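S.K.: Residue numbers (the working numbering), protein chains in the order written: chain A, 848 to 1246; chain B, 2 to 313.
The set of hints was computed from the structure by calculation and includes no laboratory data. Possibly wrong hints are sitting among the right ones.
[What the hints assert, rightly or not] With a straight-line cut-off of 20 Å between C-alpha atoms, the simulated EDC-like cross-links for lysine to aspartate or glutamate are: (1) LYS241/B / GLU1008/A; (2) LYS226/B / ASP1179/A; (3) LYS1124/A / ASP34/B; (4) LYS1180/A / ASP1111/A.
On a predicted model such as this, the values are computed, not experimentally measured, just so you know.
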Amino acid sequence: MSETDIKIKDSTASWQDGVAKTITFIVTKDCQLACKYCYLVGKNEKERMSWDVAKRAIDYILDHERDFPEKSVIFEFIGGEPFLEIDLIDRICDYIKVELYSRCHHWFDSYRFSFSTNGINYHTDKVQAFINKNISHLSIGITIDGTQRKHDLNRVWKGVEERGSYLDVVRNIPLWLQQFPEEATKVTISSADIPYIKESVLHLYGLGIHAVNINVVFENVWKDGDDKLFENQLMLLADDIIDGGYYKDYACSFFSENIGKPLDPERENNNWCGAGKMLAVDAAGNFYPCTRFAAYSLRSKEPIVIGNVSDGIDKNKLRPFLALDRITQSPDKCKTCNVASGCAWCQGENYDAAETNTIYQRATAICLMHKARVHANNYYWNKLYRKLEMDGRSTKCEG
Amino acid sequence: MLQYLVILLDDTSVSFCHYDVTKPERRLISLDDLRQGIRFGMMENLMIQFIYPDYALPQEYLDVIDTIDHSNIKPLSALDCETDIVVVDGWKYNVAKLNGAVVVLRTSWNQLSKNHNNLKGLLNVVMRLSVVITDVERMTASDHEQYKAVLELLGKDVESICLSGKSPQFNLLTDRLMLTEMNNCGAGDMTITLAPNGKFYICPAFYYENEADSVGDLNNGLNIKNRQLYSLDHAPICRKCDAWQCRRCVWLNRKTTLEVNIPSREQCVAAHLERNTSRQLMLSLRSKGTFLPDIEEIKEIDYLDPFEIIRQ
Ligand code: SF4
Ligand code: SF4
Chain A
848 MSETDIKIKD
858 STASWQDGVA
868 KTITFIVTKD
878 CQLACKYCYL
888 VGKNEKERMS
898 WDVAKRAIDY
908 ILDHERDFPE
918 KSVIFEFIGG
928 EPFLEIDLID
938 RICDYIKVEL
948 YSRCHHWFDS
958 YRFSFSTNGI
968 NYHTDKVQAF
978 INKNISHLSI
988 GITIDGTQRK
998 HDLNRVWKGV
1008 EERGSYLDVV
1018 RNIPLWLQQF
1028 PEEATKVTIS
1038 SADIPYIKES
1048 VLHLYGLGIH
1058 AVNINVVFEN
1068 VWKDGDDKLF
1078 ENQLMLLADD
1088 IIDGGYYKDY
1098 ACSFFSENIG
1108 KPLDPERENN
1118 NWCGAGKMLA
1128 VDAAGNFYPC
1138 TRFAAYSLRS
1148 KEPIVIGNVS
1158 DGIDKNKLRP
1168 FLALDRITQS
1178 PDKCKTCNVA
1188 SGCAWCQGEN
1198 YDAAETNTIY
1208 QRATAICLMH
1218 KARVHANNYY
1228 WNKLYRKLEM
1238 DGRSTKCEG
Chain B
2 MLQYLVILLD
12 DTSVSFCHYD
22 VTKPERRLIS
32 LDDLRQGIRF
42 GMMENLMIQF
52 IYPDYALPQE
62 YLDVIDTIDH
72 SNIKPLSALD
82 CETDIVVVDG
92 WKYNVAKLNG
102 AVVVLRTSWN
112 QLSKNHNNLK
122 GLLNVVMRLS
132 VVITDVERMT
142 ASDHEQYKAV
152 LELLGKDVES
162 ICLSGKSPQF
172 NLLTDRLMLT
182 EMNNCGAGDM
192 TITLAPNGKF
202 YICPAFYYEN
212 EADSVGDLNN
222 GLNIKNRQLY
232 SLDHAPICRK
242 CDAWQCRRCV
252 WLNRKTTLEV
262 NIPSREQCVA
272 AHLERNTSRQ
282 LMLSLRSKGT
292 FLPDIEEIKE
302 IDYLDPFEII
312 RQ
């Protein structure tokens, strides 16, 4: 066995991870589906972004180049379902390209257009024409939750709860993979999904998807015993990934060598979430530190609007986001936690769940789930390294 | 740890800080709530500060107030020998009447920029002067330029008073000289306010802004949610800062940044202009003789907003 045979596929990091500004256009609050775990509590068919608002947002951002010093930019389009607004998006992207060029903007040739779609309209002529026009600057993720059973449990058509959307999405997967072979799919796990995790990930691998980015929801949805079930599913998944040799070419973000370690309170004190470093704009032309602070994403709090396309950004409202660190917002149990690394949080959910109107109170609804993940993750790496070691030994003996 | 209890005796009690009194009708705290408030203060070992309206209180109130050691904060119109701190709202006052007094002077920035020449006369006679710029959060970059120039002139005034052998106390320029650590308003952390409705508030500003924003009442005690956010160690910008004289107003923080623990740029820049002028004053006084030899020199810094250093 040579060095090159020891191959473990990494979870794919996104383009210009950490150095790109993400600017999100909430182009519509409408969607064909009504997913049961969807955090967007205020979805509706009325709030569609107008061209005027989109253009004013772009003009504001490009007029204030000094306020956006990041080397690169990701223009992200979300909804609802963004491809419902493909005409608008096409016009926005054309305008951005022309403006970046004519202004000699530092983002010219360092930009991406990014989409997270339910995949239903992926094959349509308009979407395909858009893809072909922009393919070298595109990243598109299709959300598919796993097997038909698992996917259809949550991702159902709006107004027809018994009709799942699996077949409508999966028919577009080959075309998508042909156009974006390196793309990952995003899977979100809620309480009811736990028993299907293993089969779902393997199913996605079977569809030819090489990277599965999978997360448990941050909301407080967990029932007693969910952590044990979850741990069990991840152990079974670990066995199958290792015994089946999938680790060489397929990645699952649940397993990572960097999670489950204590964190230094000073050196490892960064905020987890990127809220505030991103910028989102909605149909009304309001700016948010991230889409999770727009009214349609919040259950129990007022939106946090940090400006609008007419008045610009109120930098004082951004200061709390940019001053956030891990320790200041964490409860004592997290400060001294032995498995803190990789335990994530979402600033929007922190805000939504906080006892006062603050982003400085970390929600820890995922605490037991993270600990379960750490157990399974430790098991995964111990097993994988032992296997690689044994494989190496037997090759040596044969030699 | 809580140390002070502010009791607003009436809805029209004078403002001694950034907020405006937005309730024009008199509403005296009930005698029973006053008694209970004092009892609470005694049980929690708090120093009580009573805030007075501009009219005379009934004798029975004065009798109850006198059951505890306390300090009295009164408007200029109610100034008497029982006053510990007198609040002057604006620039109409008689200097002679303020001789030896501890004075809070509330002013807009615009008025301060026009009237600052009058402060030397005050500083010469009062025991202590605190100037509160009531619209500090609305100062622009050019206001800050001008504020710097005003502070420099005031620094010269303070210096000449010092050289005449007096020890003026002036919040904007001498507090920083004496301090060795943060000394801020402390609302929600060291100080709590009892309003005339019998409920507790972080400070009077929170009461006047929204009565529903209470943090407990006399029957059930205090219930300050996320209380840690009022303390310095949970203020990620301020804990890195050495403008120790800054008021660090948590109400202005919430108003401008939506978080009680995060200040606006405007509050920080104003406080740093004061800090830097205090530094010049210290250097200048030291160049002329021994001045506060035990106090460390105020360092030279190249920022006016500590947010910039935490971003680095
Ligand atoms: S939420 Fe739980 S697992 Fe995560 S850091 Fe806090 S204590 Fe540790
Ligand atoms: S100057 Fe700013 S950072 Fe410093 S104490 Fe005042 S408000 Fe806080």
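S.K.: State for each hint whether it applies.
M.R.: Status of the hints after comparison with the structure:
no.	hint	verdict
1	LYS241/B / GLU1008/A	violated, 54 Å
2	LYS226/B / ASP1179/A	holds, 16 Å
3	LYS1124/A / ASP34/B	violated, 48 Å
4	LYS1180/A / ASP1111/A	holds, 14 Å
Checked against the numbered hints above, the structure violates hints 1 and 3; every other hint is satisfied.
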